[in-house]
Structures are given as C-alpha cells and as structure tokens.
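Dock chain B against the given chain A, drawing on the hints supplied.
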Amino acid sequence: MNRRNFIRLSTTATGGLAIAMTVPAVAKGVLDKESFVANVLTEIHADGSITFMLTKHEMGQGTGTGVPMIFCDELGANWDTFKVVQALHDEKYKRFQGTTGGSSGLSSMWHPLRQMAASTREILIRSAARHWGVSRDGLYTENGFVKNPSTNAKVNFGDLVSIAPKVEIPDTDEIKLKDLKEFKLIGHGVQNRITPKIVRGEKHFALDLKRPGMVYASIERCPVYRGKVKTYDETACRQVKGVIDVIRVPEIYEDDDFIVRDGVAIIAQNTWAAMQGRKALKVEWEPGLNGSANNASLTKKMRALASVSGEKSNDYYGNFGDVEKAISEADEVLTATYENPYHAHACMEPMNGIAEFKDGHLEVWSTMQNPNWASEQITKYVNVPVENQTIHILPAGGSFGRKFYPEHVTEVAFLASKLNAPVKLTWTREDDIRCDYNSAFQHDNHSVALKDGQVTAWHTNVVSTKSWSPEPWFPYVVPNKLGEQHIIDSPLTPGAWRSVGAHRAAFASEGMMDEIAHKLGKDPLAFRLEMLGREIELGEDAQKHYNQPYSVDAIKKTRQVLELAAKKADWGKRMSRNSGQGLAVYRFSRSFCAQVVEVNVRRGKLRVDKVTAVLYCGTAVNPHLVKGQIEGAIIWALTSVLYGGMDFKDGRVQQSNFHDYKMLRMNETPEIEVHIVPNTDPAVGVGEPGVPPFTPALMNAIFAATGKRIRKTPLDMAELA
Amino acid sequence: MISIKVNGQNKQVEDDPQTPLLWVLRDSLDLTGTKYGCGIAQCGACTVLLDGTAVRSCSLPVGSLSGKEITTIEGLAKDDTLTDVQQAWVEEDVPQCGYCQSGQIMNATSLLTRNSNPSDEEIESAMSGNICRCGTYSRIKKAIKRAIKS
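Line order of the protein sequences matches chains A and B. In short: position in the first sequence from 1, add 49, done, that's the working numbering. In short: position in the second sequence from 1, add 92, done, that's the working numbering.
No lab work stands behind these hints, which were simulated from the structure alone. If you're wondering where the values come from, they're calculated on a predicted model, not measured in any experiment. Beta carbons: idealized from backbone N, C-alpha and C, even for Gly. Keep in mind that a hint or two might mislead.
[Unchecked claim] Once the Cα atoms are required to be at most 16 angstroms apart in a straight line, the calculated EDC-like pairs of lysine to aspartate or glutamate come out as: (1) K233/B x E425/A; (2) K290/A x D108/B; (3) K143/A x E425/A.
[As the list claims (entries may be wrong)] Simulated DEER-style distance windows between Cβ atoms: (4) D143/B x N716/A: 23 to 29 angstroms; (5) D172/B x A202/A: 36 to 42 angstroms; (6) G570/A x S242/B: 54 to 60 angstroms.
Isolated chain A, as found in the complex (with noise of 0.2 angstroms):
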C-alpha cells in the first residue's frame, strides 16, 4: 500500500521513524486515503477494521491470541474486525521479535502494548473531538468507536482515519491506561484465534505451503552427536523413482546451540519418493568423540561427582552463612540425589521448512521461536545478506523449546542455494526423536543439616550435562547456604525443553522439602509454610538475599498457591488405603504454580488420580486458554515420568518414533483441576510454569500411598512393586 499522501513524524522528543518502535507513543502518524498507521504494529483502515502485526510465534500456547486481545482491549477496538497477521522477519519489529520463549510473550508485550494502545485511544479520542468540534474530556472508546456519553453520539474508528494524523500526538504522561476492570477481554476470554482455521483443516503451518515447482527433501544425518559422514554411495539412492538428486550437507557446528549435523540431503519429486531415497542410501559413518557414549557410562561419571565439590554457583539462590560448620555441628544430615535423564520435545509438528533462492534473494517459510538467530545463521552460513532475506515465521504444531534451535531454517535454506527450485524439507519423526535437542541429563544431589528439629543448612551440589540455565528457585528461609556445580559435556545435543531446566530441579528440591518434612514428622505443607515465614537468626548475608524485593514477594506468592491448593485439594483429607496426596510448588518466569496430586498405588500399578493446579500468572489474560496451558503442562510433566528418557547406546538415541518413545494418551489422562488466583498485576507467562511442580508432586504422594521415595525419571514401575 503505497498510496500515503504525507508523513507527518512526531513532534515529541522522542519522535522519529525508528524510535516509533520502542516509544509508547504514536510516533508516526501516517495518512492513508484507507488506514491510518497508528504505530509499527498497527494500521487503522477507513471501514472500521484494524490489521495488528503478531511478532510472537504462536505455537500453542496461545500467544496469538492473547498479545494481540492486549492492544486490542486497551485500545477499545472491536474483536470481531480485528485482524492479526504474522510479521515477517523485519529489523523494523526489532524491539518485539526477540525469541518466544522462556514464558515471556505476554509480559514483554503487557505493558508496551499497552502504552502503545493508549495512545493511538487518546489520538483517536482527540480526532473524534476535534470531528465534533467539542472537548475530549469525557469521551472514550468502546468496541471500536469513539462515544460521547453527554450526547449520546458516536462515531467509528474508521471515518477517523484521515483526522488522526492531524491532531497532536500526546506526550507519554498523558496517556492514562485503563483500569483492569474497564476490560472487556482480558480476564474474560476469546476464542483461540486459530480454532477455525483448525477445525476445518485450512492450511496454517509451513508443512502445509506449496511453491510452483517445489521440490521435496529428506536428510541422512548422522546418528551420533558430532559425528561425521565418513563415506557415501548414491547409485542405488538415485535409482529410486522420484529421486531428483543427492546434495552432501556438511556439518555446521557453531558451538553447542546450533549444530547443523553432518549429512547428505535426498531431493525428489514428493516427500515419499525422498524418504524412499534414503533408504537406499548407503552411508558409513565416523562416529567421533560421542561414538561409545551410554546411559550407564553417563550415569556413573556423575555418580562420581556427587559428593565432589562443584564450582560455586550463584545460580542456586544464594551462598551465605557458613554451611560447613553447620553440617559438623548438625543432629543429622539428609542427603539425597534426584536423577533426570536426556527427554526429547516431540512436537506433533516435526521440524521442517521451505525455502526458495532465485537472483541472489533467499524466501523462507518455517517455525521459529528465533527469527533474528535464524536470520543470523542463514547470513553466516549460507552466505545470503539480510537485506535479500525474506522470512516467512509460520505458526509451530508444538515446539516446547525445540524451534528455538533454527538449524532445520539453515538447512533448508542450504538446500535452495543449492537448487534451482523451491524445496521443502520434512524431518520424519526418527529424525525429530534421534537428532533433538534434548533436556540436559542432570543428578542433583542434596544436603539437608537438621538441629533441633530445624533446617540449618542446605548444600545443592547439581551435576550436570551441558545445558541452558537449570532454573532452580528456591524461596524457603534457610540460614546457611551453598549451590556448586559440575557441567560435563553433552554426549546427545543439549537445549531447553518445556520450562528449560526447572523441572529437574523441582524434582528434587521440593521432593526433598517432602523427605524433610516426613523426617521431622511435621505436615508437607505446614512445613513449606514454616520454612516461609519463619523468624529466626539470619547472617548479614542472608538477611539481604530474603529482604530483597524479589525474595518478599516470591514469599508472599508461594504462600498464596500453596495455601489456595491445599483448599481446592482438601488437602488432608482422608485417603483411602493405598492412596495418597502429594505435593509441591514452583515458580518459573514470574508465575508461580502448586499442584496437589492424587495417587492410588496397588499391586505395583500407578493410577494418577487427580490433580489439583493452583497458578498464580498476574492478569490471566484468556483464561480458558491459560487453564488449557496447564492442563497440557501436567499432562507433558506425567508423560516424562513414565515414558520419559533416551536411552543411548554408543552415542545413538536407541528409540526412534512414538512406539518406543511413548505419549501419554486420553485413556491414561488423569482429572485436572486449575484455578487461577485473582489478582490486578501484570499478566506473565503460562505455558511452562504447569510442568515443574507436577513431577515432585505426583513422587510425593506416591510416598505418601507407600512410603517408598523415588528419586529418578522415568518412573521405574517395578519399584513400586
């Protein structure tokens, strides 16, 4: 739409096209004989409509759909005409189309959003004002127009559209954002933006696009982490009907984040006749550095480093007191280790792209969390400048972290630098489960002073395979602390998994709040709400670590999900025999989740019975879709303990599709219960913060049914027997 009759730049200090990203303000006021663009992410169109730009991925967990009702709600538009479009990969969204990930959509878009909204509402009030030729006070706006409560008249967005970028753009501390009870959508709720398209079977995902003349890939990729193509025969490969070519894709190894692997590409006339291909590909390979690589060798290397001394971490929450003393001077020590293995993603979606190269300009269409790294890597390594890149960032079917890692955009764009057609690439599901990007394998091993019936100190000492940040959060008061840490190499690729490292160390330190507790002979929740309000003598150090800011509210939340799911869960009550509850709480990205789970065990066999989640997210912005989030989190947590973990075995992942590497599936789903605690903050993320209280939870009331105390994923159910 180039038919703009002037631009008029903002007149505020902060004005200026590229500052329009990162001010609240309307800083570019753009007159168009049919919309007026309102900021960077929105166009105002003479009918009324609004078109927003989506700069967070949407993969599932509802960001495309809650980002957008934000601005939409602030600024009073009308639902129903609001379109929302994917924005391409474009430096002029910089300040948004920062990764999805980590839970942080909605609370990086909450406030800017916001402020942005606010403002085109008070240039689209100013507009209405000056068109009546009255005041401003007083107006406001509702469902996409602007109405006068003294004469009842209103007028619609759109006949505003050529008075907005005359009136003057308010300055940031004019701008007054609305009350939340003012919403109309937030915290009442919209249909998934998604749904309709679903239900029908329309296309949506990158898998689902076509380019005239596209042709089809299949990649061989070596089975080893780091491991190489030693050598290779394609005469029979290229004899197979539909096989076009074979294109050799050298490994890319940038360091343990992005790691395309060493392989050789099938090319050909669909995605069957590719996969066919393949398997008449003979291939040899050096297995390097990772090639005898096993769970057993793994497992005893970090046995060993147990009770070694790791390096001092500040990432366990605080270091004070002298923890030493306290242990030699303790009644008793508890020590225990809690055992993660490697897990694999397994979106429904397997990772796949498009990608077409003609005159020197690369157009791609994939799923991505990361659309500057993707970019970033096509430039490096496939040696296209960003300015003939177009990327296309389609909506993921699942990615849990696995799309963060863009390797699959690098490959495919590789592979149409090397064509001379558009190419799809489809990974099968033994690909997407033997080259993941997997959880780290990781023991946490911890030690617990007792004195006197109290908690003295506390010693985390976690080994670890190479991964993301563990997340461990720890909000109880303890006056002597230590967290250390041993990081050893990743035989299988590391990466971040739904809620990144915080389930393994919820796992271990809330089933380790559960063995003290049992210990002392004191009630697993009147324990934690001890250990949170507890008045008692702490160091200089440590005081400063729990008056902060942080360490107050983390406090004050904890307390108030606990005590709400212990209500909700009739926490307590009488179970019948072989029965019991559990439970435990979690924070991860500034939400804090506690679950109480039901478990009857007999004869050996584990039901889960129920389970009751408590969130606390500040705003819930869609609540059914927030419930929905969690819901998912549970079932995800339950299907890694039971069917969870590689196994590897001379560094190859030994399963390979979903009979070996198992889902949970309907019949096996246990009742889900969740409530959200009400509350006026900001809205913050949702759809990790389900999965790290479920696993030491559900092990706690396993305790509580049979007393036998399991410290290792997956379950192993013999010893329930």
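The following block gives chain B in isolation, referenced to the frame of chain A:
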C-alpha cells in the same frame, strides 16, 4: 495413473501405487489438512475416513484404494456448514497448536458414526490412538460429549 475418490470428487494421481495415501493427499492433491506425525500408524495425525471408517492414511498404499470413498478434514463441512463434531470443537475451543486436531476430529467423527452415544470408556478407548502432545485430551472428550448431545 490411479483413480481415487476424495471428498466426493474423482481424482487421477500419478504416484507410485505403494505411496501412502497421506503423501498423495498432501503432496499431489494439496489437501494438507491431513497431517504427518509418525508414518507408522502410531499417532493418528493422518486419520481420514475410508468409506466412513477412520483409517491411518500414512500406512495405506494409494494403489489399494480405487473405488473407495475417502473423506478428509476438508470434506467434512458442507457448503461452509460445520459438522456437529467440528462445531463442538469450536465451542469447546479445543486446539492449542492444532496440529493433531484434524486427525482427532476425523476419528471422533468415525466413532460417532458407528456409536451415537458412546460412554466415557468407549470415547477414551476409541480416541486412545490419537496423540496430542499439547495435552488437549480433556477438551477433546468434552467436545465429543457435546457433539453427542447435538
């Protein structure tokens, strides 16, 4: 050349007869509502109806299908009117990522065709072949129950 009937229309395809129906639908006929999830009939993402009964299109060679009626997710709604099952999915707002849902809807459609009032256990048993990694199972179940009532 193989003749198949998809969503009421006769189609001629040039694929190898061994090609699974899934890839014929997706790559040759551009009917991409049917999804690839595992390729070994484990996840149900590729479910379509064959003469009204749910089948796994990833494991069904196209050469075996002449004369059969194939219905995909795109063929459910008639003149833009959703079926009861689709409508129930909308009302329960089931999808999270949405990738598995066409397979879930096709399987639920097949279930309700042969059993208009399934019990909870029958629903769970019939639907246990379809994986949803987002974990929308409770909403799928609610949607099926809603479709039963309508």
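Taking the earlier hints as the rules, which of them does this structure contradict? Violated hint: only 1; rest satisfied.
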